[in-house]
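Asks: So the chains spell out like this:
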Amino acid sequence: MVAGTLVGMTRIDKNPSGANSAVTVRGLVKHYGETKALDGVDLDVREGTVMGVLGPNGAGKTTLVRILSTLITPDAGHATVAGHDVVRQPRQLRRVIGLTGQYASVDEKLPGWENLYMIGRLLDLPRKEARARADELLERFSLTEAAKRPASTYSGGMRRRLDLAASMIGRPAVLYLDEPTTGLDPRTRNEVWDEVQRMVGDGVTVLLTTQYMEEAEQLASELTVIDRGKVIAGGAIDELKAKVGGRTLRIRPADPVELRPLASALDELGITGIATTTVDAGSGTLLVPILSDEQLTAVTGAVVARGVTIASITTELPSLDEVFLSLTGHRASAPQDATPTELEKVSV
Amino acid sequence: MSAATVPVTTDIKADARIGLRGHLRHTGALVRRNLLWIRQDPESMFDAILMPVVFTLLFVYVFGGSIGQSLGGGQDQYVQYVVPGLMAMTSMNISMGVGTGFNQDFQSGVMDRFRSLPIGRGSVLIAKIVVELMRMLIATAILLVVGVLVGFDITNWPGLFAAVGLSVVFGSALMWVFLTLGVTMKNAQSVQAMGFLVLMPLQFGSSIFAPTESMPGWLQAFTDYNPLSSLADAARGLMVQGPLTHDLWVTLGWSALLTLVMAPIAIHKFRTKS
Numbered sequence: 082m083v084a085g086t087l088v089g090m091t092r093i094d095k096n097p098s099g100a101n102s103a104v105t106v107r108g109l110v111k112h113y114g115e116t117k118a119l120d121g122v123d124l125d126v127r128e129g130t131v132m133g134v135l136g137p138n139g140a141g142k143t144t145l146v147r148i149l150s151t152l153i154t155p156d157a158g159h160a161t162v163a164g165h166d167v168v169r170q171p172r173q174l175r176r177v178i179g180l181t182g183q184y185a186s187v188d189e190k191l192p193g194w195e196n197l198y199m200i201g202r203l204l205d206l207p208r209k210e211a212r213a214r215a216d217e218l219l220e221r222f223s224l225t226e227a228a229k230r231p232a233s234t235y236s237g238g239m240r241r242r243l244d245l246a247a248s249m250i251g252r253p254a255v256l257y258l259d260e261p262t263t264g265l266d267p268r269t270r271n272e273v274w275d276e277v278q279r280m281v282g283d284g285v286t287v288l289l290t291t292q293y294m295e296e297a298e299q300l301a302s303e304l305t306v307i308d309r310g311k312v313i314a315g316g317a318i319d320e321l322k323a324k325v326g327g328r329t330l331r332i333r334p335a336d337p338v339e340l341r342p343l344a345s346a347l348d349e350l351g352i353t354g355i356a357t358t359t360v361d362a363g364s365g366t367l368l369v370p371i372l373s374d375e376q377l378t379a380v381t382g383a384v385v386a387r388g389v390t391i392a393s394i395t396t397e398l399p400s401l402d403e404v405f406l407s408l409t410g411h412r413a414s415a416p417q418d419a420t421p422t423e424l425e426k427v428s429v
Numbered sequence: 004m005s006a007a008t009v010p011v012t013t014d015i016k017a018d019a020r021i022g023l024r025g026h027l028r029h030t031g032a033l034v035r036r037n038l039l040w041i042r043q044d045p046e047s048m049f050d051a052i053l054m055p056v057v058f059t060l061l062f063v064y065v066f067g068g069s070i071g072q073s074l075g076g077g078q079d080q081y082v083q084y085v086v087p088g089l090m091a092m093t094s095m096n097i098s099m100g101v102g103t104g105f106n107q108d109f110q111s112g113v114m115d116r117f118r119s120l121p122i123g124r125g126s127v128l129i130a131k132i133v134v135e136l137m138r139m140l141i142a143t144a145i146l147l148v149v150g151v152l153v154g155f156d157i158t159n160w161p162g163l164f165a166a167v168g169l170s171v172v173f174g175s176a177l178m179w180v181f182l183t184l185g186v187t188m189k190n191a192q193s194v195q196a197m198g199f200l201v202l203m204p205l206q207f208g209s210s211i212f213a214p215t216e217s218m219p220g221w222l223q224a225f226t227d228y229n230p231l232s233s234l235a236d237a238a239r240g241l242m243v244q245g246p247l248t249h250d251l252w253v254t255l256g257w258s259a260l261l262t263l264v265m266a267p268i269a270i271h272k273f274r275t276k277s
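Order-wise, the sequence lines are chains Z and V. Every position in the first sequence, counted from 1, becomes a number in the numbering used here once 81 is added. Every position in the second sequence, counted from 1, becomes a number in the numbering used here once 3 is added.
Read the hints as simulated data drawn from the structure, not as lab findings.
Far from chain Z, by Cβ distances over 10 angstroms, these chain V residues were calculated: (1) M48; (2) Q72; (3) L74; (4) L140; (5) L152; (6) S175.
Covered by chain Z, according to a simulated footprint, are these stretches of chain V (three or more residues, beta-carbon under 8 angstroms): (7) 23-29; (8) 105-116.
Ideal Cβ placement from N, Cα and C applies to all residues, glycine included.
With the sequences and hints as input, model every part of the structure.
Replies: In structure tokens form, the structure reads like this:
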């Protein structure tokens, strides 16, 4: 099956065109002394979509979220969330947002239920409703059994789920997820992703910051890549990937013996210009970089002409890691960050 | 600019309106939070419960006899002297908790959550102060009970209540100082260390534990102007020997001064900390 193309197609329904902008950011600047945390950022998040803000540590992602949640004020530029200006209408704005992040957290000393009840009361829910909402959200995020335990006794995944529940109490129109899975092990990360996808299903607009390509691909329909306080690229994830590089054709012959002869045959034919066909013995596949539909057709034709039985054939878009590299000229991970793979080793 | 300002001004008005009931609701929810802290972590009440007991027993039984003699009596005489002083000390020590508590909130990120909610930032502040005042009253009550058990004679009930009130007033004025420390310093340990550094000389260089007459002149100069001496002497005057107006006014003056100077600084630091 042509898996890569299928993924591209399923993404389309997440992008209803013509929706209103839930978050509008224009020329946002924030300096800390000499450091330009944000250096003129523009951003639009359409209602009901997930916007991924991708960048390495220190790119300005958290500064952006802190401005959009009225925790700090910008030095220049302006931003509105659900029509409320971040500087002039902070209190109305706070009514429509939810914030979950590496910095904004729950009270560790309080039991899960008490955390949610407290936030309900702070959001002016009547006592009865605040109680009901706390119960309901604990249930929804599978925390009912841990309701009475202090949050400090929770596992990393439970903590994040409680964070998410806390930011959902006020039924926000716009939800900020500031690196929601940083420091989590892969299994827990998947749990959090599932929860986020459910929330998106309910129609919440999400602004997600992340340094993980995989996370942006999983959750976001559109992406803004920022680096050193500047937007360096933006658009639908697949568009962005297509813009940056060609596809890779992955062919799995039914008989692995065919792998090497097929590879050298394709290189000899020179359809893609250079001998770049690689053999991935582990998965028993051939990887052929292609730059156009014509090349794709030619390569497939050549394989068929040799009489090789094909077990599977797919085209793949470049990974976001590669996207970042070609956009910024340096790798996405600053030395101190963990990539998801490194993280798996340390955090289990 | 001019086109945008028209709708914005009305927004600011709507923005500012939380209302008294709203503020009370928010403060109530946050007071509940701080009380739950105590329930989750009863050790945090040790300072309020044990300190008055330990200090009273320590001072009365270790120093009571000899200092009492110099007062022209014995241990009984010293109990009458030291209990009002310990009351002053207790309210001071408790007020330090405001600083460490806020520091932890900022470190843990809970404060960011609060500040992204549509509540007045003052509610967070007031809730903390309310709970610390409760702790202060509990500690004072325990101190008085222990005091009576070791022989303190309550001769003047209205004076006693006035003295409790006075030390609470002074203690809450001092909270602004610790609040400022709590918001500006890096971690709770340094807030506590700094607090003790300030408190120790003030407490021992005062008339809390012993009369100052036998101290060297330079130290007396310090103790005379030490607000804790005034507080201790005023409490003593109210509880034991009838009102001492001078010390009473000096203490109230200090409380007003500390509040007027430190409260705006603390509130400003609190509001602008990011």
